[in-house]
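Peer 1: Sequence:
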Amino acid sequence: ETWGKLLVVDLTTGHLYDEPVDAPAARDLVGGAGFAARYLYDRLPPGTDPLGPENILMFTTGPLVGTRAPSCGRYEVCGLSPLTGIWGESNSGGFWGPELRFAGYDGVVVRGRAEKPVWLSIVEGQPPALHDASGLWGLDSYETQERLRQELGDRRVRVACIGPAGENRVLFAAVMNDHGRAAGRTGLGAVMGAKNLKAIAVRGRRQVPLADRERFNVAARQGLECVKEDLSTTVYREMGTASFVDMSMMWGNMPNKCWSQPEFEEATNLSGVTMMETILTRAVPCYGCYVACGREVNLKDSYGVEVVDGPEYETVAMLGSQLLVDDLPGVAYAGHLCNRLGMDTISAGSTISLAYLLYERGLITAADTGGMALEWGNIETAHILLEMIAARQGFGDLLAQGTRRLADHYGAPDLAVHVNGLEPAAHDPRAMTGMALTYATSPRGACHMQGDVYTVDMGMTVPEAGLLPGSRFKNRGKAVTVARLQNWRSLYNSAIMCIFVNPTPPLLAEMLAAATGGPSDLEHWLRAGERAFVLKRAFNNRLGIRRGHDRLPERLLRPMANGSGGRVPRMDILLREFYRQRDWDWETGRPSRQSLLSLGLEDVAGDLWG
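Once you know that position 607 of the sequence shown is 595 in this note's numbering, the rest is easy, because the numbers rise by one and skip nothing.
Everything labelled a hint here was simulated from the structure, so no lab data went into it. Think of the CB as a built atom: it goes at the ideal place given N, C-alpha and C, for glycine as much as any other residue. Treat the hints with caution; some may be incorrect.
[Stated by the list, open to error] Only pairs whose alpha carbons sit at most 20 Å apart, straight line, appear in this in silico DMTMM-like list of lysine to aspartate or glutamate:
| hint | residue 1 | residue 2 |
| --- | --- | --- |
| 1 | Lys216 | Asp234 |
| 2 | Lys(-7) | Asp6 |
| 3 | Lys462 | Asp560 |
| 4 | Lys245 | Glu134 |
| 5 | Lys288 | Glu265 |
| 6 | Lys245 | Glu368 |
[Claimed, not checked] Distance ranges between label pairs, derived from CB positions:
| hint | residue 1 | residue 2 | range |
| --- | --- | --- | --- |
| 7 | Ala117 | Asp560 | 29 to 37 Å |
| 8 | Gln195 | Arg143 | 19 to 27 Å |
| 9 | Arg193 | Leu219 | 31 to 39 Å |
| 10 | Pro507 | Gln210 | 13 to 21 Å |
| 11 | Gln114 | Gln249 | 35 to 43 Å |
Please model the entire structure based on the sequences and the hints provided.
Peer 2: Structure representation (structure tokens):
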């Protein structure tokens, strides 16, 4: 069961209306990013400008969002990415997604472009409405949320918004909600900015509909028990995602000095243990979450700020070890700046670290930077650059375009580390061959979430979904694990459940069946995950993505003398096996006609194969 309706907002005309959810699409693709893939595939033709009014921005939830299922407080933002020019998708935790469902909607579809800045209210008891946002333009994400709660006279209003980075169309601008929760990747905050949409404020009081509430609650309770018994829950709860630091250092998984230095021993000063012993104030959960991996830290002594959203593993690596910085308060403050200004810490850190590398090599000089020296180990410089990026001021205007364009500008495309325009997260594929294949084949570019093989290599087992740990350096046989995990996580991003919780697959299927009235057969739901993944691939194929795009940057294929033991992934073996496993056409990089037909995607087969 769902509410069965989306709110469609045409910013060009100011027209708002309810649109019924396409029932077959919801049945076949569940919700979330899968449902968005179907919706956008049907409506975004090749040639659409990501920052033009014709791009469509979707905010979607899934059938588990806002229910008692553990850790289902997330929402997806999807559209054409301005950073990559292909499928754009990002999801965020916090409380905004559940609140949208409490207000009676499964999603919001934003079309067109407003003449002047506006914000959208979806408040139960009032018709959804657009309001003048000229007084909000220029405010950061925290100030915007605070102002809208005051405006609506309700502390419990939840706001998804952009900061100055989104307003100024920084190509890796994020959509922000709550304090420091971000739909960070692929630059969809810039799409909001280009549409002149500052924020969506939501407040609802309804109970989310379920096909069989009693049956669902039994399954949800069992799911919570699974989460409580999972060792990773304890680790995340105590140390957050920065708990990865020590193991990542040991394995050669944590990148240093813009992917160029084997080890940076001082990175232990950025670990979850260090955070716990120094600046941590408390753990912060999202809606309905027992894990509480979010951090709140106190930077009063170093930066005069007492309540700060603490940094994730990706942030301490991309704005820490990648810059050879081991100052945890300084890195935490850099992450806080990104959250307030509204941008992705992974792409921001990656782009700044490349600028430091280009400076070291003499390709960038003080004449380019306005007299600023870009020196390894200096976090204060990074703080200044983050402000300049968000404002697109001076040298920051170039950095605001991301790693690929920065490297191209200085005639050094071979130094840029990205896949199809998206910078990899802080998991070095030389340390785990599965991550190499995941980065090369993810629909949004170098993504660590739609196939988080590092978790399997670190010991996560999901036998019912065919996920069993193997050697992290194995090339042969790895493609099976990667494809299965991509399908599994694709289902998570459609249902929408946080990937940090792992109820058994039959239990997830039972929760989905009780929520939607669909079958409790696990295979049905795994196929839905596969269908969503393949549909995103087809979306990209239509935009020109071919097998030649399924590659790693050359710099990540050079041996590194660290925990990876000088090994490099064999992309030839990995890709051949992956294409066989998925039944994709080796010549064109498209899913075969037969594989599309077997997934019920007849129209897509017709588009790709005639």
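Peer 1: Could you run down the list of hints and mark each one as holding or not?
Peer 2: A quick look at each hint next to the structure:
For the given pair, Lys216 sits about 24 Å from Asp234 by alpha-carbon distance, which is inconsistent with the 20 Å threshold. Restraint check for Lys(-7) and Asp6: satisfied, since their Cα atoms lie roughly 6 Å apart, inside the 20 Å limit. At most 20 Å may separate the alpha-carbon atoms for a hinted pair to count; Lys462 and Asp560 meet this at roughly 13 Å. For a cut-off of 20 Å, the pair hint linking Lys245 to Glu134 is broken: about 37 Å separates their Cα positions.
Between Lys288 and Glu265 the alpha-carbon distance is near 16 Å, which keeps this suggested pair within the 20 Å criterion. For the suggested pair Lys245 and Glu368, the alpha carbons sit about 16 Å apart, so the restraint of at most 20 Å is met. In this structure the hint that Ala117 and Asp560 lie 29 to 37 Å apart at CB is violated, the actual value being about 56 Å. In this structure the supplied range 19 to 27 Å holds for Gln195 paired with Arg143, their Cβ-Cβ distance being about 21 Å.
For the pair Arg193 and Leu219, the supplied restraint of 31 to 39 Å holds, since their beta-carbon distance comes to about 37 Å. Taken as a hint, the range 13 to 21 Å holds for the pair Pro507 and Gln210, whose Cβ atoms sit roughly 18 Å apart. Taking the beta carbon of each, Gln114 and Gln249 are about 56 Å apart, not inside 35 to 43 Å as hinted.
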